[in-house]
Amino acid sequence: MASPLGQSVTLHDIAARHLHARHRLLQMLREVQASRSYVPEEAIQFFAHVLNLPIAHVRGCVEFYSFLHTTPRGQFDVYFSDSVTDRMAGSEIVAKRLADRLGVTLGQPRADGRVTVSMTSCTGHCEQAPAGLANGRVFTRMTEARIEKMASLIEHGVPVSEWPAEWFHVDDGIRERGITLETFIPPGEAIRTALARGLPATLDEVERSGLQGRGGAGFPVGRKWRGAYETKGAHYITCNADEGEPGTFKDRVLLAKYADELFEGMTIAGLLVGAKKGYVYMRGEYEYMMEGLQTVLEERRAAGLLGENICESGLDFDLRIHLGAGAYVCGEQSALLESLEGKRGIPRVRPPSAVKIGLFGQSTINNNVESFVQAAQIAWKGAEWFSDHGETKSRGTKLLSIAGDCQRPGIYELPLGITVREVLARCGGENAKAVQVGGPAGTCVGRDEFDRRVSYADLATGGSIMVFNDLRDMVDVARQFAHFFAHESCGFCTPCRVGTQMLKHYADKIADGQGTQRDLEQVKSIGEFVKGYSHCGLGETAPNTLLDTIKRFPEEYTSRLLAEADFVPDFDLDASVTESRALTGRQDQLDQVHSD
Amino acid sequence: MNAPTEQPARLTVATCSLAGCFGCHMSFLDVDERIVELAQLVTFDRSPLTDVKHCSERVDVGLIEGGLCNVENVEVLREFRASCRYLVAVGSCAITGGVPAVRNKFTLESCLREAYIDAPGIDNPHIPCDPEIPLLLNKVRPIHEVVRVDYVLPGCPPPAEAFWELLTALIAGREPELAYEHRRFD
Numbered sequence: 215m216a217s218p219l220g221q222s223v224t225l226h227d228i229a230a231r232h233l234h235a236r237h238r239l240l241q242m243l244r245e246v247q248a249s250r251s252y253v254p255e256e257a258i259q260f261f262a263h264v265l266n267l268p269i270a271h272v273r274g275c276v277e278f279y280s281f282l283h284t285t286p287r288g289q290f291d292v293y294f295s296d297s298v299t300d301r302m303a304g305s306e307i308v309a310k311r312l313a314d315r316l317g318v319t320l321g322q323p324r325a326d327g328r329v330t331v332s333m334t335s336c337t338g339h340c341e342q343a344p345a346g347l348a349n350g351r352v353f354t355r356m357t358e359a360r361i362e363k364m365a366s367l368i369e370h371g372v373p374v375s376e377w378p379a380e381w382f383h384v385d386d387g388i389r390e391r392g393i394t395l396e397t398f399i400p401p402g403e404a405i406r407t408a409l410a411r412g413l414p415a416t417l418d419e420v421e422r423s424g425l426q427g428r429g430g431a432g433f434p435v436g437r438k439w440r441g442a443y444e445t446k447g448a449h450y451i452t453c454n455a456d457e458g459e460p461g462t463f464k465d466r467v468l469l470a471k472y473a474d475e476l477f478e479g480m481t482i483a484g485l486l487v488g489a490k491k492g493y494v495y496m497r498g499e500y501e502y503m504m505e506g507l508q509t510v511l512e513e514r515r516a517a518g519l520l521g522e523n524i525c526e527s528g529l530d531f532d533l534r535i536h537l538g539a540g541a542y543v544c545g546e547q548s549a550l551l552e553s554l555e556g557k558r559g560i561p562r563v564r565p566p567s568a569v570k571i572g573l574f575g576q577s578t579i580n581n582n583v584e585s586f587v588q589a590a591q592i593a594w595k596g597a598e599w600f601s602d603h604g605e606t607k608s609r610g611t612k613l614l615s616i617a618g619d620c621q622r623p624g625i626y627e628l629p630l631g632i633t634v635r636e637v638l639a640r641c642g643g644e645n646a647k648a649v650q651v652g653g654p655a656g657t658c659v660g661r662d663e664f665d666r667r668v669s670y671a672d673l674a675t676g677g678s679i680m681v682f683n684d685l686r687d688m689v690d691v692a693r694q695f696a697h698f699f700a701h702e703s704c705g706f707c708t709p710c711r712v713g714t715q716m717l718k719h720y721a722d723k724i725a726d727g728q729g730t731q732r733d734l735e736q737v738k739s740i741g742e743f744v745k746g747y748s749h750c751g752l753g754e755t756a757p758n759t760l761l762d763t764i765k766r767f768p769e770e771y772t773s774r775l776l777a778e779a780d781f782v783p784d785f786d787l788d789a790s791v792t793e794s795r796a797l798t799g800r801q802d803q804l805d806q807v808h809s810d
Numbered sequence: 055m056n057a058p059t060e061q062p063a064r065l066t067v068a069t070c071s072l073a074g075c076f077g078c079h080m081s082f083l084d085v086d087e088r089i090v091e092l093a094q095l096v097t098f099d100r101s102p103l104t105d106v107k108h109c110s111e112r113v114d115v116g117l118i119e120g121g122l123c124n125v126e127n128v129e130v131l132r133e134f135r136a137s138c139r140y141l142v143a144v145g146s147c148a149i150t151g152g153v154p155a156v157r158n159k160f161t162l163e164s165c166l167r168e169a170y171i172d173a174p175g176i177d178n179p180h181i182p183c184d185p186e187i188p189l190l191l192n193k194v195r196p197i198h199e200v201v202r203v204d205y206v207l208p209g210c211p212p213p214a215e216a217f218w219e220l221l222t223a224l225i226a227g228r229e230p231e232l233a234y235e236h237r238r239f240d
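Chain order of the listed sequences is A and B. Be aware that the first sequence starts at 215, since it is given in the working numbering, and climbs by one per residue. Be aware that the second sequence starts at 55, since it is given in the working numbering, and climbs by one per residue.
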């Protein structure tokens, strides 16, 4: 993102710092973006040349990631988080206010190059909304009063580093701690315990604990580790810290406060399978935590917990942190691996699984942040410490990030198997009419389903819980999610690329009161098609909320359909000839009689 | 035209081309000698084949090829839709905009400049501005964005067999079912 660094960093410096390694292309491009406010054509040509990559590969990367731009952004680059819960907290109002004050159109740099104001997908600070990014730094709880001040700081060219510190304060947001949040591992203790027990025995322990993938998919962690352990050849460990599912912000807290536990878990996995290297793929929005994480890594290296001969085991393992650049799809495991290799985040064809052929074509253990943290704690405390919690098919506790219409939004660590009703009671959301479990890709449940359980057997979630009360318009919520998926589709497969655009179109038409019963039927049939034929999980889940809300809140849809008409085109003849009128100066009256 | 027959419920069929190339009509004629059989089963109404310019009050099946690139296309489409019981979008242009929609990637101004001002060898370069010429739409559109469409025949062009199946099915009062090879071309 833009910063007043100017052009002092040369492209040569950037390439050299990243050792001319192709897989670090995205990191290089991020630095170009940060120092120049965009990635100029010259940089694209340069990296293609020095990395010996096709120009199209480099340009493809720049165009794929939301935080990289081919044209200059403003010297100040301000993004507002566009999650539905941010909007409920007034993000649109503050964004518009700032744009008005500065005289800019959303998404376009001001003519003098001073500033750009844009919306971006959920930045993961929903309980402190409205949130956003200013030159890559996260701000929270933005108010109209602060916006006035921000506009003036921008007009006066005051660097973001000199803006009021309280704007950038991020609470950890923890409301309720369970076994995970209460367990701090003294650095190295879990590794030593694992080594003393024996690494294969530690794998048994992780398997016995019943720990399932905390990203939401719930694949047994032990089984994944076992698969990699039994696969010959080189290995990698990767951690999914992309946390892009709107409404999810629990990994943010783990990265900020439980980095040792995370690195401990990754190291144990690395030692177990004989990996030499691991990567944390962290979303670009969390760049502000980079410094703290690097410090922890340095401390661990100094303490002999990373690097060569870890804890006198004779085994080596080290970690790097890789930053994303604004692409939700990179939370999909195989897209994440592609992105780590310095490519566009296009999901791979599966099988083979990453355990067989993952990063750089090698066997890879990829787990969510929370999974690695809990795995480290299990290695230290034993399987029962964990499996005594939760329910039979969903062991242990889960971090839930709760936001929306509740009195106490934040992070709750609760045993799996807990009912939605109980979750609502804890967070003060008893007035909810709907709860979105698992983010836009998850499930939307209404009041009569509040006894359903948050667990892998029922309502699976990576942590996102959004609460909506009676005042909320569920059609509008579904419409916003449809926009989100249309924006985030990677464009690789037609059902998702085209289908998400069609769903967005129909959702808008219906939400705007221009839809008919026929349009509603179209949403259902396109939705089922996109779910069934998409290449990856993004498309498979993109229609969920539209379909869920049509089923659960049918009256909110039918009440705004045009009852009398079978078909109403979303077409205005006069508005469709503005360009030719402007070019020819003709003002012919058009026959506006609708014959259908 | 035809003498009255013993079948009073003969279907009437109309066809029409908007922003298309008439390739779909040509493909329709690839039913070859079966056109004679067809002519005994249906009455052709408005069509380039009959040179009838407007539909009768009520037409059963309307086949339309081509997308919408100007105001006249929209007017013709609306009139055609109003006359037809079943409207069939025939071919890629009607269904998606097709080749004419390639211009959607550019502004209308840049297209017209390229054609009438900047191209080599142009006398009196100017963008035509005659009320006789229908105004161009900002973007080329498929027909389903403007009227309700009942059936589609995919393809560029759809094969003659697809036309045959559609019409014989509607004549027989059953739902048309296109064989895989008559709707998939990759």
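It is worth saying that the hints were derived from the structure and are not from the lab. Each residue gets a CB set at the ideal place from its N, CA and C atoms; glycine is no exception. Take the hints with a grain of salt, since some may be wrong.
[What the hints assert, rightly or not] Dumping the calculated EDC-like pairs for lysine to aspartate or glutamate here, alpha-carbon to alpha-carbon at most 20 angstroms: (1) A/Lys738 with B/Asp172; (2) A/Lys723 with A/Asp784; (3) B/Lys159 with B/Asp204; (4) A/Lys647 with A/Glu770; (5) A/Lys738 with A/Glu754; (6) A/Lys765 with A/Asp786; (7) A/Lys723 with A/Glu742; (8) A/Lys723 with A/Glu663; (9) B/Lys193 with A/Asp786; (10) B/Lys159 with A/Asp530; (11) A/Lys491 with A/Asp530; (12) A/Lys738 with A/Asp780; (13) A/Lys471 with A/Asp530; (14) B/Lys193 with A/Glu793; (15) B/Lys159 with A/Glu277; (16) B/Lys193 with A/Glu742; (17) A/Lys490 with A/Glu505; (18) A/Lys765 with A/Glu605; (19) A/Lys723 with A/Glu770; (20) A/Lys490 with A/Glu444; (21) A/Lys738 with B/Asp204; (22) A/Lys570 with A/Glu555; (23) B/Lys193 with B/Glu215; (24) B/Lys159 with B/Asp172; (25) B/Lys193 with A/Asp788; (26) A/Lys471 with A/Glu512; (27) A/Lys723 with B/Glu199; (28) A/Lys557 with A/Asp780; (29) B/Lys193 with A/Glu754; (30) A/Lys738 with A/Asp788.
[Claimed, not checked] Anything over 12 angstroms on all C-beta distances counts as not near chain A; from chain B, calculated: (31) Phe76; (32) Arg88; (33) Leu95; (34) Pro102; (35) Lys107; (36) Leu166; (37) Ile176; (38) Pro185; (39) Leu190; (40) Asn192.
Quick rundown of the hints versus the structure:
A C-alpha spacing of about 48 angstroms is found between A/Lys738 and B/Asp172, which places the hinted pair above 20 angstroms, so the restraint is violated. A threshold of 20 angstroms between alpha carbons decides the hint, and for A/Lys723 with A/Asp784 the separation of about 7 angstroms falls inside it, so the pair holds. Pair hint B/Lys159 plus B/Asp204 does not hold up; C-alpha atoms about 28 angstroms apart against a cutoff of 20 angstroms. With a C-alpha separation of about 12 angstroms, the suggested pairing of A/Lys647 with A/Glu770 holds against the 20 angstroms cut-off.
At most 20 angstroms may separate the alpha-carbon atoms for a hinted pair to count; A/Lys738 and A/Glu754 meet this at roughly 14 angstroms. Only pairs whose Cα atoms come within 20 angstroms are accepted, and A/Lys765 paired with A/Asp786 is rejected, the gap being roughly 31 angstroms. Taking the CA atoms of A/Lys723 and A/Glu742, the gap is about 19 angstroms. The hint holds against a cut of 20 angstroms. Proximity of A/Lys723 to A/Glu663 is assessed by CA-CA distance (about 29 angstroms); at most 20 angstroms being required, the pair is judged violated.
A C-alpha spacing of about 12 angstroms is found between B/Lys193 and A/Asp786, which places the hinted pair at or below 20 angstroms, so the restraint holds. Between B/Lys159 and A/Asp530, the direct Cα distance comes to roughly 53 angstroms. Violation of the 20 angstroms bound is thereby established for this hinted pair. Between A/Lys491 and A/Asp530 the alpha-carbon distance is near 8 angstroms, which keeps this suggested pair within the 20 angstroms criterion. In summary, the hint linking A/Lys738 to A/Asp780 is supported, as the alpha carbons are separated by about 16 angstroms, within the 20 angstroms threshold.
Taking the CA atoms of A/Lys471 and A/Asp530, the gap is about 25 angstroms. The hint is violated against a cut of 20 angstroms. For the given pair, B/Lys193 sits about 9 angstroms from A/Glu793 by alpha-carbon distance, which is consistent with the 20 angstroms threshold. For the suggested pair B/Lys159 and A/Glu277, the alpha carbons sit about 17 angstroms apart, so the restraint of at most 20 angstroms is met. With a CA separation close to 29 angstroms, the supplied pair B/Lys193 and A/Glu742 exceeds the 20 angstroms bound.
Proposed proximity of A/Lys490 and A/Glu505 is contradicted: the alpha carbons are some 23 angstroms apart, above 20 angstroms. A threshold of 20 angstroms between alpha carbons decides the hint, and for A/Lys765 with A/Glu605 the separation of about 29 angstroms lies outside it, so the pair is violated. Among the hinted pairs, A/Lys723 with A/Glu770 is consistent with the structure: their alpha-carbon atoms are about 14 angstroms apart, no more than 20 angstroms. About 16 angstroms separates the Cα atoms of A/Lys490 and A/Glu444, which keeps this hinted pair within 20 angstroms; it holds.
Taking the CA atoms of A/Lys738 and B/Asp204, the gap is near 18 angstroms; set against the 20 angstroms cutoff, the hint holds. A hinted pair counts as satisfied when its Cα atoms are at most 20 angstroms apart, and A/Lys570 with A/Glu555 qualifies at roughly 17 angstroms. In summary, the hint linking B/Lys193 to B/Glu215 is not supported, as the alpha carbons are separated by about 32 angstroms, beyond the 20 angstroms threshold. For the proposed pair B/Lys159 and B/Asp172, the alpha carbon gap of about 19 angstroms is at most 20 angstroms, so the pair holds.
Restraint check: the Cα-Cα separation between B/Lys193 and A/Asp788 comes to about 13 angstroms, which is no more than 20 angstroms; the hinted pair holds. In summary, the hint linking A/Lys471 to A/Glu512 is supported, as the alpha carbons are separated by about 16 angstroms, within the 20 angstroms threshold. With a C-alpha separation of about 12 angstroms, the suggested pair A/Lys723 and B/Glu199 falls inside the 20 angstroms cut-off, and the hint holds. Proximity of A/Lys557 to A/Asp780 is assessed by CA-CA distance (about 46 angstroms); at most 20 angstroms being required, the pair is judged violated.
Taking the CA atoms of B/Lys193 and A/Glu754, the gap is near 31 angstroms; set against the 20 angstroms cutoff, the hint is violated. Between A/Lys738 and A/Asp788, the direct Cα distance comes to roughly 31 angstroms. Violation of the 20 angstroms bound is thereby established for this hinted pair. With a least beta-carbon separation of about 24 angstroms from chain A, B/Phe76 lies farther than 12 angstroms from that chain, consistent with its non-interface assignment. The Cβ of B/Arg88 sits about 32 angstroms from the closest Cβ of chain A, beyond the 12 angstroms cut-off, so the non-interface label holds.
No beta-carbon of chain A comes within 12 angstroms of the beta-carbon of B/Leu95; the shortest separation is about 28 angstroms. Non-interface call for B/Pro102 relative to chain A: holds, since the shortest CB-CB distance, roughly 21 angstroms, exceeds 12 angstroms. No beta-carbon of chain A comes within 12 angstroms of the beta-carbon of B/Lys107; the shortest separation is about 16 angstroms. Look at B/Leu166: its CB is around 6 angstroms from the nearest CB on chain A, not clear of 12 angstroms, so calling it non-interface is violated.
For B/Ile176, the condition that its CB be more than 12 angstroms from all CB atoms of chain A holds, with the nearest at approximately 16 angstroms. Annotated as non-interface, B/Pro185 brings its C-beta within 12 angstroms of a C-beta of chain A; the closest such distance is 6 angstroms. Not every CB of chain A lies more than 12 angstroms from the CB of B/Leu190, the least distance being 5 angstroms, so the non-interface label is violated. With a minimum CB-CB distance of about 5 angstroms to chain A, B/Asn192 fails to clear the 12 angstroms threshold, and the non-interface call is violated.
In summary, the structure is inconsistent with hints 1, 3, 6, 8, 10, 13, 16, 17, 18, 23, 28, 29, 30, 36, 38, 39, 40 from the numbered list given earlier, while agreeing with the others.
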